[in-house]
Structure formats: structure tokens, C-alpha cells
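Could you put together the complete structure from these sequences and hints?
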Amino acid sequence: MQRLALIAVPYAWLLALFLIPFVIVFKISLSDIALAIPPYTPTLKDGFGPFFSALDFENFAFLASDDLYWRAYVSSLRIALVSTFLTLLVGYPIAYAMARAPEEWRPTLMMLVILPFWTSFLIRVYAWMGILSQEGFLNQFLLWTGVISTPLTILNTNTAVYIGIIYTYVPFMILPIFAALDRLDGSLIEAAEDLGCSRFQAFWLVTIPLSKNGIIAGSFLVFIPALGEFVIPSLLGGSGTLMIGKVLWEEFFNNRDWPVASAVAVILLLILIIPIILFQRNQQRQAEDEA
Amino acid sequence: MTQTVFAPWDDPSKKPLIRFDCVTKRFGDFVAIDDLSLDIFEQEFFALLGPSGCGKTTMMRMLAGFEAPTEGKIELAGQDIAPVPPNKRAVNMMFQSYALFPHLSVYENIAFGLRRGDMPKNDIDDRVGEMLKLTRLEKFARRKPHQISGGQRQRVALARSLAKAPKLLLLDEPLGALDAKLRQATQFELMDIQEKTGTTFVIVTHDQEEAMTVASRVAVMDEGRVIQVATPERIYEAPNSVYVADFIGDVNIIKGTAKPSGSDRYEILHTDGQPPFSAVSETSFSEGQTCHLAIRPEKVSISADRTADADNAVQGKVLDIAYLGNLSTYYVELPGGQVIKAQTANTRRVSRRGFTWEDSVWLSWTATAGVLLAE
Chain F
1 MQRLALIAVP YAWLLALFLI PFVIVFKISL SDIALAIPPY TPTLKDGFGP FFSALDFENF
61 AFLASDDLYW RAYVSSLRIA LVSTFLTLLV GYPIAYAMAR APEEWRPTLM MLVILPFWTS
121 FLIRVYAWMG ILSQEGFLNQ FLLWTGVIST PLTILNTNTA VYIGIIYTYV PFMILPIFAA
181 LDRLDGSLIE AAEDLGCSRF QAFWLVTIPL SKNGIIAGSF LVFIPALGEF VIPSLLGGSG
241 TLMIGKVLWE EFFNNRDWPV ASAVAVILLL ILIIPIILFQ RNQQRQAEDE A
Chain D
1 MTQTVFAPWD DPSKKPLIRF DCVTKRFGDF VAIDDLSLDI FEQEFFALLG PSGCGKTTMM
61 RMLAGFEAPT EGKIELAGQD IAPVPPNKRA VNMMFQSYAL FPHLSVYENI AFGLRRGDMP
121 KNDIDDRVGE MLKLTRLEKF ARRKPHQISG GQRQRVALAR SLAKAPKLLL LDEPLGALDA
181 KLRQATQFEL MDIQEKTGTT FVIVTHDQEE AMTVASRVAV MDEGRVIQVA TPERIYEAPN
241 SVYVADFIGD VNIIKGTAKP SGSDRYEILH TDGQPPFSAV SETSFSEGQT CHLAIRPEKV
301 SISADRTADA DNAVQGKVLD IAYLGNLSTY YVELPGGQVI KAQTANTRRV SRRGFTWEDS
361 VWLSWTATAG VLLAE
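Line order of the protein sequences matches chains F and D. Be aware that the first sequence starts at 1, since it is given in full-length UniProt numbering, and climbs by one per residue. Be aware that the second sequence starts at 1, since it is given in full-length UniProt numbering, and climbs by one per residue.
Calculated from the structure, these hints are not laboratory results. Be a bit skeptical, because a hint or two may be false.
What the hints assert, rightly or not - Here are some of the chain D residues that sit facing chain F, going by a computed Cβ distance under 10 angstroms:
| # | residue |
| --- | --- |
| 1 | P85 |
| 2 | H146 |
| 3 | K164 |
Unchecked claim - Covered, in the sense of this in silico footprint (three residues per stretch, anywhere, with C-beta under 8 angstroms from a C-beta of chain D), are these stretches of chain F:
| # | stretch |
| --- | --- |
| 4 | 177-191 |
| 5 | 197-203 |
| 6 | 206-212 |
Model, not experiment: these values are computed from the prediction. Ideal placement from N, C-alpha and C gives every residue a C-beta, glycine not left out.
Set out below in C-alpha cells:
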């Protein structure tokens, strides 16, 4: 009985905060647009019989017919994958340096990684607009040093989106990799060198495989939110940046087409469920390895 | 048939495999190794013995290449090894923590070093098979390190460090993580493997019993210096200093002043008003020089009556008895207040023990039983 009560807590949480909202969104995606409040039909006011008979998959068929949507999905996937990879390239050396730093320095370094979260995410993205714009700090600095003669166009391009995503999500990459590297026994590297490895071979054959779980965890933590990212592409990206989060926003607020927006969200969730399941299996396997 | 005794250190024509030549190692202000010179010969099983912090692990790490000497040089087979990085040295190390790669199977752990060279695949397979057989691990080749026991892990670590057939194998507290029974069995296994492979072993340990059991020679270290290098028998029977005598085994140290009484015989005046002890010593002492008589407890016999023909006999009172099962150590207080330990084998049941607390007993030992040490 007690055990049942204990399990009930997380399930109630899941039900209230995930399943019920999802059912509502899914129901709206099966509805039709209407000039009403709320802006869709049918609602339960119409009675049970008409309510269920009026639901259909029209909106999903619409998503498949217009290539804007699937191009947005593919583009989002590509941007999320590339930026996850770039975040790994940036985050791994930082995590490695942190794990190798003297013991007394580590809490400070950890603090510095987490520090940006103390200010508003929106303000930090706006700050990047100030850095990357034509008259921004970066261009002024490069012009002053003489590296370039005309200002670079970075803001409102995909490059700016990549920079924004890497900047925002790199702590999520650093922390799990740092945790993995921090636990790594230094004598393993010495053993590898003793057995004939060069420094680089020892890194490749021992350090990388033993931080694999951290790399996987960090990559999912970056990839999953980056896929549905809305703020960064809409503030830093240009008209050519096609991301599903942006499309969803426009359907919802500009077109006030809640049913189509909901259908977009349902598909996005289905796409995300695959990496989420993979991520959880990785976590589980890691826990089993440690047991 | 004459059996030749393995003692290359007594043969001046033999070249040592390893030579520490006035090696000093400092970490900042801390002197870990202090102007140390030492020769280790081929096929030796050499033990570095000392308390923690005496520099024995630093010496091993210098041999492996993880630390460089601050001064002096280390030669391996006549060549200075300072410029050779660890991955190019014909030296392998078995780590205290074993340092097995957790993501690789037992087989892959052993093959790890072999795969770094340009050895053909078949030869690697043969060599790993040979190592698995030597360490009796054939059944566990496919397992991961966390799926085998501590003793098996220890053998994997040994097999891995032997796989490349190094000229020199370094063992850092190899048996530290094993329980007492397994440690004893493994000590003999190590000696057996050392003999079979003919590899030179250098073992670091703080366990004197382990060093005595396995090693052909033992170096007793303290504060970055080697105090004595000798065979286990010499270390035990003829320590060169009070430090060594005290570090190895149990010992009675009687401080006194020497008075020559023959060619190599001395009388030791220890307590006012008590008859002097007599001892034989190869090293000479001048009259009135401070000396320490070191006698092992098992060389002191205990009896109810005075033994007639003993060189030294002294009466005392049993203060305490330490019963160890096979042995008993009697703590006997002499009239001057000095406490001497005497050890006897318990050949009879304890209920039939001859002496008990507060009994008056006689202790006796011969003049050659102890060693006379200056400091």
C-alpha cells in the first residue's frame, strides 16, 4: 500500500503535467479552425456524439501536402544535429580542462559554467544581437584590429543561430562530460602510456570511450531542446532560417490556426520521442554498468 | 651436482640491469629521493621496502618514466633512460589499483599493449592465450573487469603487464588489495611466474613479510634514502642499523656502552649495577662507545632455572604474555626496569604453560645471538 502511494506520486505528476496537456493538444490537432473562443470546433458543448464524429486527421494531411512543414522539420533536424556536434566540439575541451584543473579550482570553474543561468535567457540572446550585428562589438573589434575591412553579416543568418544554440546549451554538454571525466582514474591513462600508447592514443583509446556516457547524455540534452528551439532562430536567425519552433509560433499567434499549430506540435513530439527513448536507455545502461 | 647460488650482486664482473646513479628527486622543497645509488641485476626479484612516504613509489615511477630525476641518472641496460618516454620503455608496470580498462574485456586488456606495436594478429592471439594460461584466466577471457573477483583482477593486471615481455616489471603494492589468505597464495604464484618468465621484478611494498617472502634482495628505505640492501636473511639476521632491525620483525634493542673484551668480543654495560652482556661483533667498537644490542625475541630463551652454559643470563619477572596461537611472546621486566621480549613456540597446550604473570624467570641468549649496532 505504502509502495503504491510512493509510485503514485511520479505517475500523478506525469499525468497532470504531460499526459493531460498532450491529450488536449492532440484533440485540438484533430479539430477544425473556427472564428470563436476558443478558435476551434468541436468542443464538448456540442455533445458527445457530434464531438467525436467531428474529429478528423485533416490537419495532418494538410501538413503532408504543404512542403513548408516537412522542410521546416528537416531543416530543424539538420540545425539541431550540426549544433549538437559543434557544442560537443566546444564543450568537450572545456570539460576536459575542468577535470584536469587543480582540485581547489574545480568548484569555481563549475560555478563559471553555471553562472550565465543567473540572468534571463532572453536578455542574453539580445546581448548576442548587440555583439553580432553590423555595428556590433565583434565587427567593431575586427575592423579595429584590421582583420577585416568591411563588416561581416552574421546576425540574421544560420551562423548566428548556431552561435546562439552553442552558447545557450554548452553548459548542458559540459556538465555530464565533466562528471564522466572527473570519475576517470588517472592511473588508467598512465597504464595506457606504460603499455605503449602515445598521449593522443591514450586519449582516443581510453579517455574518449570512458567518457562516452557523458558525451551521449550531453548530446541528447542539447539536441532535444535545440530541435524545438524558437527564441534563438527568431531573434538571431534571418528570414531564411527555417525551424519548426518558429513555424509553430507563426501558426499559433500570427495565423491563429490552433489546430494546425497543434498538429505541428504533435509531429514534433513524435520526432522527439525517439531520441528521448534512446537517451533514457543510455541512462539506464549506465546505471546498470555502475551497479 | 653443485647448485649455483643466484647472487649476481656478489659477482663484480656482472653488469647491473638498472643503475641508480646519485639520483635525487625533489617536489618543490620536498626531497623525495636523496642522492640514491642502487644496482639491480637481471632476473632479480627486488623489493623496495619502507614506510609510506619513504620514496619507494617515486623510485618506481621514475623507472616507469612518469617522473624524471631532478639530479643524477638512471640507467637501464647501460643506457640513460631519462630521454625515453614511458610508452617507449621496455618497462611495464602493474599498478596498485590494477588500472584495468573497465570498457575492455579481460582478453582485450591483456592484448592492449601488444596491439600498440606492429605484431601480427595471430601472434597477438597466441601471446594473449599464453598469458591467460600462465595466470589461469582462460575461462574469464570474455568477461569485463567488473565481472571478476579481486584476485582475478590482480592476475589480469599481472598478465597485461607481462604480455609485452618487458625487460623489467614494476609491481606497485601488487597484493595490497587482497585478503591475507589470498595474498599468501599469490606471493608464491608471483615467485613462480617470475621464475618461469625470467623477468626482472621490482616490487614496492610496505609489508615486510611480503618483501621477505618473495624477494631475492630487499632494499629498506627511509626518507628518500636506502638504509640497507641485502638478501632477506641478511636483513633479518644482520641489520646494519637500529632502524632496519626495528623495521623488520620484532626486536629487543638494548642501549649501552661497549667495552672490548677479546678480539671481536665486547661487554655491553647497559644498566648501572647490573652485570654486562657479552656479544660478538664483526664491526669494531672503541671503549666507551655508545652501542645498541639488537636481539630477536625468538633467540632469547626463557626458563625457570638458570641455564648453566649461556653467555648471557638474566633474571626477571613476567610482565605480560602475548598469546599468538602458534607462538607466545613473554614481556619480561629486568631489575633495571628494561623490558625484554622472549618468544617461544607453543609446542604444548596453553593450559600446561610453564610460566604465568608475575613469575620469576631466567632469560638467556648466546653471545652470537644478537647484533651490535652503532646507531
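> Would the stated hint for H146/D survive a check requiring a Cβ distance to chain F of less than 10 angstroms?
Replying inline: Interface hint status for H146/D: holds (8 angstroms vs cutoff 10 angstroms).
> Under the criterion of a CB-CB separation shorter than 10 angstroms, is K164/D in contact with chain F as hinted?
Replying inline: OK, holds: K164/D within 10 angstroms of chain F, min 7 angstroms.
> Under a C-beta cut-off of less than 8 angstroms, do 3 or more residues of the stretch 197-203 of chain F approach chain D closely enough to confirm the stated coverage?
Replying inline: Coverage by chain D holds for the stretch 197-203 of chain F (3 residues, Cβ < 8 angstroms).
> Given P85/D as an interface hint, is the shortest Cβ-Cβ distance to chain F below 10 angstroms?
Replying inline: holds (8 angstroms)
> Are there at least three residues in the stretch 206-212 of chain F whose beta carbon sits under 8 angstroms from a beta carbon of chain D?
Replying inline: holds (count 4)
>> Is the coverage entry for the stretch 177-191 of chain F by chain D consistent with the three-residue Cβ rule at 8 angstroms?
In response: Contact hint for the stretch 177-191 of chain F vs chain D: holds, 5 residues under 8 angstroms.
Of the numbered hints given earlier, the model fails none.
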